[in-house]
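Oh and the sequence shown: position 14 is 14 in our numbering, straight run, nothing missing.
Just so you know, the hints here were simulated from the structure itself, not pulled from any lab data.
Among the hints, a few may not be true.
Claimed, not checked - Quick list of the computed label-pair ranges, beta carbon to beta carbon:
1. Gly130 - Asp25: 17 to 23 Å
2. Leu162 - Asp25: 15 to 21 Å
3. Asp82 - Gly157: 30 to 36 Å
4. Gly130 - Ala32: 25 to 31 Å
5. Arg46 - Gly150: 37 to 43 Å
Don't be surprised by glycine CBs; every beta carbon is placed ideally from N, CA and C.
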Amino acid sequence: LSNPRDRVQWVHALTADPLRLLDADALADADAPVLQRAAQDTLSGRADLAQPALQALLSRRGEGAPVAAHLMLSDLQLVAGDFEPARATLEAALARHPGHPELLAQLSRVLLLSDRIDASGQVLASYPGGPDAHIALAWGDLARRQGLAGDTLSAYGQATTLAPQDARAWQA
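Input sequences plus hints: build the corresponding full structure.
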């Protein structure tokens, strides 16, 4: 027997959204021009230029690399369907920034999209902090995938309350 998933061409609507990552902390970083250029390249459809620049930044800066660089690179890897490299990028970032909500939410998303649903929930459950829009949004994505309508609406509602300017929960 064969798995139908192996024979179907899956089409997805994933897009990288680098502008949401260019917050005040990222723009204050010494490598802000690299991040801005990577964002421009991504938005211009030139991820092939953005990805090596981000990898070079992470290699050069090591533990001092901005979180935004890890998130941008993992976004590009995720959109390309490179789930394992995206997971590795995020796990390396979490080793340097344990419990960071945006990194945990992105790792949960990578695991969810690679059909590791239980692992996705475990990552979110490991978040040590209080209410956070990124975590709430990821919980909403997980609940939607599991078909839990009430939990989905609750999580997305929390995300819109915590970050009403973030369109992702409104559009989910």
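Against the structure, the hints come out as follows:
no.	hint	in the structure
1	Gly130 - Asp25: 17 to 23 Å	holds, 19 Å
2	Leu162 - Asp25: 15 to 21 Å	holds, 18 Å
3	Asp82 - Gly157: 30 to 36 Å	holds, 32 Å
4	Gly130 - Ala32: 25 to 31 Å	holds, 29 Å
5	Arg46 - Gly150: 37 to 43 Å	holds, 42 Å
Against the hints set out earlier in the document, no violation occurs for any number.
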